[in-house]
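Work the whole structure out from these sequences, hints included.
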Amino acid sequence: MTDSSTESFTLVITGAPYSSQAPQTALGFAQAAVNAGHHIDRVFLYGDGVHLASALCAPPSDETNWSEEWSRFLTDHSIPSVACIASALRRGLINEVEQKRYELPAANLRAPFEIAGLGEWVEGRIKSTRTLYFHAGD
Amino acid sequence: MTAIQTLHILNKSPDHPRAARCLEIMSAEDGLLLIGGGVLLLATGNLPGAGKVFALSPDVDARGLRQLTGDASVVDFPEMVALSLQAQRVISW
Amino acid sequence: MSTLIMIDQPPYGAWSGREALDMAFSLAAFDQPASLLFTGAGVNWLRQAQEASGIGQKSVEKNLSAAPIFGIEAILADRAACNTYSLDESSLIEGVTLVDVKTALLTGYHHTAFAG
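Residue numbers (our numbering), protein chains in the order written: chain A, 1 to 138; chain B, 1001 to 1093; chain C, 2001 to 2116.
Worth flagging that the hints you see were computed from the coordinates, not collected in a lab. Virtual Cβ for every residue (Gly too), placed ideally from N, Cα, C. Where hints are given, some of them may not hold.
As the list claims (entries may be wrong) - To give an idea of the chain C side of the interface with chain B (calculated C-beta under 7 Å), a few residues:
| no. | residue |
| --- | --- |
| 1 | 2040 |
| 2 | 2103 |
| 3 | 2112 |
Right under this line is the structure:
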């Protein structure tokens, strides 16, 4: 395997922004992978990692908004990104479909993130050359 | 670069039980990539005797460990991508 | 494409053990070979007679006993950790295989993952 051949990745983020470094490390990795000409099949948010998909994170203006950074990167490179539905609903990450289904007062899922099941992870894991995990450090 | 059987990506500080387990299980054919709080292993001076050790440069610099890298190779994100593909398998601890 | 899901988080106080189980069940549901390996404090998931209603949680004992029915290939537990936490054949749930966690065990799987 050489650096110049195109390989594919599924990136799983399980650490939340602002309580772990996972989203920023994963973004550094993802940018480097894309710059090297590799393909990112999908980004899968699992466990506390689903907080990255919140449209309502409002960090102080002198701090990086990781949800916004990720969202821009995913959109720029048309990379599918999925928050695990079971993890998301438990933690209050809701899209409009789920808002209606559970009659909740609001939806807060940031585009382009979508909500789907663990099958998305299974598929990525089968399809991609490598599936890498970015966990919280504690 | 020589082939790496398993690349262990460790982001836990040396006091975390998972760090101990990762180091215990690492073999001479394996690579250890320290990222996040995992780079603090450099400060202890207790790098594993067997296998290659790498440390992610922004994490090394963030923690002021540039002078303490010892036998570890400091790598950037593009090299981390290459390492993850070069290894037969990757375990994120 | 066999996968080993590792669980080293203790039960109930942390959620990632449950989420690890969901990952394994989900692999099995898509006919992907999956095994579970409990290490460290994670072996406490495997103790008989868990009664979690007092803390408002569901016990996972039943899910784990159903694992073979759902297609999970093996439930492995680190022998040393079981010793540490006073777990033996009489106190472990059924269907658990004790193993020594070494490099050779992990290289038998294509993919090894923690849930968090």
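Hints the structure fails to honour | none
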